[in-house]
Amino acid sequence: MTVLTMPAQPAQDIKLRPVPWRRMAWVTWRQHRPTLISLPAVLGAVAVFLWIAGLKIHHDYAVLTACHPFSSNACQTLNSNFNSTDWTMANTINIFMNLTPALIGAFAGASVLARELETGTYRYAWTQGFGRERWTIAKLALLAVAVTAAAGAFSQVFVWFFQPFLAQEDLTVFSATVFATHGIAFAAWTLVAFAIGAFAGMLIRRIVPAMAATLAAYTGLALATWLFLREHYPLALVTSNPNIGGIGSFNVNDPWVLSTWYTGPGGKPASQSTLNQIFALFPNNGAPRVKETLAQEFAQHGITVWFRYIPVSRFWPMQFVEAGWLLALSVLLIAATVWLVRRRAA
Amino acid sequence: MNVIETSGLGKRYGRTWALRECTLAVPAGHLTALVGPNGAGKTTLMNMCVGLAVPTAGTASVLGGQPAGSPAALDGIAFVAQDAPLYKNLSAGDMLHLTRNLNRGFDRPYAQARLAELGIPLKKKAGKLSGGQQAQLALTLALARRPRLLILDEPLAMLDPLARQDFMATVMTAMADDGVSVLLSSHALAELERVADYLILLSRGQLRVAGEVDDLLASHRVLTGPAAESDEYAGQFRVIQARRAAAQAHLLVRADGTDPDSGPVPPGWEAHPISLEELVMAYLRAPGDAELPGPSLTQHNEPTEVAR
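Order-wise, the sequence lines are chains X and A.
Quick note: the first sequence uses the working numbering, first residue 1, plus one each step.
Quick note: the second sequence uses the working numbering, first residue 1001, plus one each step.
A couple of the hints might just be wrong.
30 Å max Cα-Cα, derived DSS-like pairs, lysine-lysine [as the list claims (entries may be wrong)]: (1) K1088(A) x K139(X); (2) K1128(A) x K1088(A); (3) K139(X) x K1128(A); (4) K291(X) x K268(X); (5) K1125(A) x K1088(A); (6) K1124(A) x K1088(A); (7) K1125(A) x K139(X); (8) K1088(A) x K1123(A); (9) K139(X) x K1124(A); (10) K1123(A) x K139(X).
The following label-pair restraints were derived from C-beta to C-beta distances [as the list claims (entries may be wrong)]: (11) W26(X) x G1131(A): 27 to 33 Å; (12) A335(X) x G1131(A): 38 to 44 Å; (13) F49(X) x P1109(A): 49 to 55 Å; (14) P1109(A) x L203(X): 41 to 47 Å; (15) A335(X) x V1054(A): 15 to 21 Å; (16) G1131(A) x F49(X): 45 to 51 Å; (17) V42(X) x V1054(A): 38 to 44 Å; (18) A1057(A) x W26(X): 38 to 44 Å; (19) A335(X) x D1197(A): 42 to 48 Å; (20) W316(X) x T1056(A): 50 to 56 Å; (21) P1109(A) x M89(X): 56 to 62 Å; (22) V42(X) x T1056(A): 43 to 49 Å; (23) G1105(A) x A53(X): 51 to 57 Å.
Okay, the calculated bits of chain A under chain X, using three or more residues with CB under 8 Å as the criterion [claimed, not checked]: (24) 1050-1060; (25) 1087-1097.
Hints are computed from structural coordinates only; laboratory data are not their basis.
Using N, Cα and C, we set each Cβ at its ideal position, and we do this for glycine too.
Required output: the full structure, derived from the provided sequences and hints.
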């Protein structure tokens, strides 16, 4: 008797053990050695420069703050020197600092997949036993962690370097160009820039256009956050206490006042005509027309001034909110990139 | 086992079908030549078999029913794409290590021995190797994975005749030693005629011929006779191609299933066997699809006898 069976299907019978994840560590290291060496090297060199320059700046600042009386000619000279020489350099560095995540995203992020697609090597990489989704996940995750860690460490040096300028240049930690480079925000922005770059590279499939798209998308996101988004983080307080600071004069501990409004007797919105009458007593240029202060005038008319503000003490919660949604967005972008790799075949 | 099985497979890019209605069953153990002019759909078919492209229509499975692109399929197939893509800035040794890390199994002693034999220095960057060496390196990386199916897309295109011979020798050795099945595409048949024992012919995105070379040759012949009678007999045979000279006519006819030697030869006519190249050229020139030998899916899908 001849025994007939279906053809053997060995691959289905044996449970395939996938290639271990850790193998991608060497693969990522070897393939992205230029990025993984040059990025920490450049950031490290700049950090050393910031440290050396920072020592001088901290020294200058200590001399300046110790100078008494402040109105003396000697102190004023120190002050103007600090504001010109030291601040000019620090301001330039601060501008570059704000652009750094975008540059990292464009150079380190956009090329990861775009180079494979542009040179055709994806046909090698994606047909190996490792599997292309896992290959993408491992590679992007390892690079994202490396890039974020390097940026996070670097930003701490910058924070120290920049610290004297906060008080001196009428800045607070909530100033637009300060908040994004301080705390953990810089690392988070670098991560999101990398994720934008990787996604753009997979979507556009060409290195240079993907780099341009990364710069544009990052700039748009950063501007939108600065102009609209950040003030909506659910951390603002409301008070009628006029002593929160941040109105009129500048202090490094001033809160970020988001809005001011007025209520009349009984808590209803104050009538605009009454407000106009009061404001007319205090012209912008010239002496007040009454003896009383503005606060006393408001009190006389039963008007309460309300402030919606974020105190400096909420810096870290604000940082965590910002880093939190940037992290979520990065994970989403990387997931979308993996989906494109899976979906968008040649 | 069929190393490749497709059913109604089609791929559309925009409005153009790169490949359509392709139903195939390639049994294991063959060196299959995938032949067709440029733009016939060879690369598209291969890409779908290795999971690089997703079919618009139909299905593709490999290695006895594994879905194309699945982990088991990736594990058992080694693919060398057109122009043998390698990371140009990595050395040959690094490419070896890279491939080893990306696969479950990798025969490093074999790969190192092959490269030494070929005189490819491990330290040299892949981008600095000659075209022939790059092709050999890519082939070595593929074979060291010990695949059950090796798919090569136009591997000979950038090689000189000597390198072609070396390359094919490596492929044939692997077939003999490990029993690996091979699918190899080319737009020129000449260099495959002697080694290929299975033929897939594509033209303008359509499957024209698929079958074992011996069967194809056995079922076709050229009838030569007086031109005046050719129209009369043309109706009696399945004529693939008719060439008429002043006095003589040559009819390429197909005799299904029957022994071609015993087929009817009209009085005054002569029957000649046909070469593979003639056969391919005839099918590429044939306008219609009516006379194409159908893909023999049922034949290879039937239960096979296991070794006793």
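Verification of the supplied hints:
1. At most 30 Å may separate the alpha-carbon atoms for a hinted pair to count; K1088(A) and K139(X) meet this at roughly 19 Å.
2. Taking the CA atoms of K1128(A) and K1088(A), the gap is near 7 Å; set against the 30 Å cutoff, the hint holds.
3. For the given pair, K139(X) sits about 26 Å from K1128(A) by alpha-carbon distance, which is consistent with the 30 Å threshold.
4. Using a Cα cut-off of 30 Å, the hinted pair K291(X) and K268(X) holds, with the two alpha carbons roughly 27 Å apart.
5. Proximity of K1125(A) to K1088(A) is assessed by CA-CA distance (about 6 Å); at most 30 Å being required, the pair is judged to hold.
6. This hinted pair checks out: K1124(A) and K1088(A) have alpha carbons roughly 10 Å apart, not beyond 30 Å.
7. Straight-line distance between C-alpha atoms of K1125(A) and K139(X) comes to about 22 Å, which keeps the hinted pair within the 30 Å bound.
8. Proximity of K1088(A) to K1123(A) is assessed by CA-CA distance (about 13 Å); at most 30 Å being required, the pair is judged to hold.
9. For the suggested pair K139(X) and K1124(A), the alpha carbons sit about 25 Å apart, so the restraint of at most 30 Å is met.
10. Our distance criterion of 30 Å between C-alpha atoms is met by K1123(A) and K139(X), whose separation comes to about 25 Å.
11. Take W26(X) and G1131(A): their Cβ atoms lie about 28 Å apart, and the range 27 to 33 Å holds.
12. Separated by about 40 Å at the C-beta atoms, A335(X) and G1131(A) satisfy the suggested range of 38 to 44 Å.
13. For the pair F49(X) and P1109(A), the supplied restraint of 49 to 55 Å holds, since their beta-carbon distance comes to about 50 Å.
14. Hint check: P1109(A) to L203(X), Cβ distance near 42 Å, so the stated range 41 to 47 Å holds.
15. Between A335(X) and V1054(A), the C-beta spacing of about 19 Å keeps the proposed range 15 to 21 Å intact.
16. Range check, G1131(A) to F49(X): about 47 Å between beta-carbon atoms, so the 45 to 51 Å window is met.
17. For V42(X) and V1054(A), the Cβ-Cβ distance of about 40 Å falls inside the hinted range of 38 to 44 Å, so the restraint holds.
18. Checked against the hint of 38 to 44 Å, the C-beta distance between A1057(A) and W26(X) comes to roughly 40 Å, which is consistent with it.
19. Distance hint check: the CB atoms of A335(X) and D1197(A) are about 46 Å apart, consistent with the given range 42 to 48 Å.
20. Checked against the hint of 50 to 56 Å, the pair W316(X) and T1056(A) passes, with Cβ atoms roughly 53 Å apart.
21. At about 59 Å, the beta-carbon gap between P1109(A) and M89(X) stays in the expected band of 56 to 62 Å.
22. In this structure, V42(X) and T1056(A) meet the distance hint of 43 to 49 Å, their C-beta atoms being roughly 46 Å apart.
23. A hinted range of 51 to 57 Å holds for the C-beta pair G1105(A) and A53(X), which are about 55 Å apart.
24. With 5 residues having a Cβ less than 8 Å from any Cβ of chain X, the stretch 1050-1060 of chain A passes the three-residue criterion, so the hint holds.
25. Given as covered by chain X, the stretch 1087-1097 of chain A passes the check, having 5 residues with a CB less than 8 Å from a CB of that chain where 3 are the minimum.
Taken one by one, the earlier hints all hold for this structure without exception.
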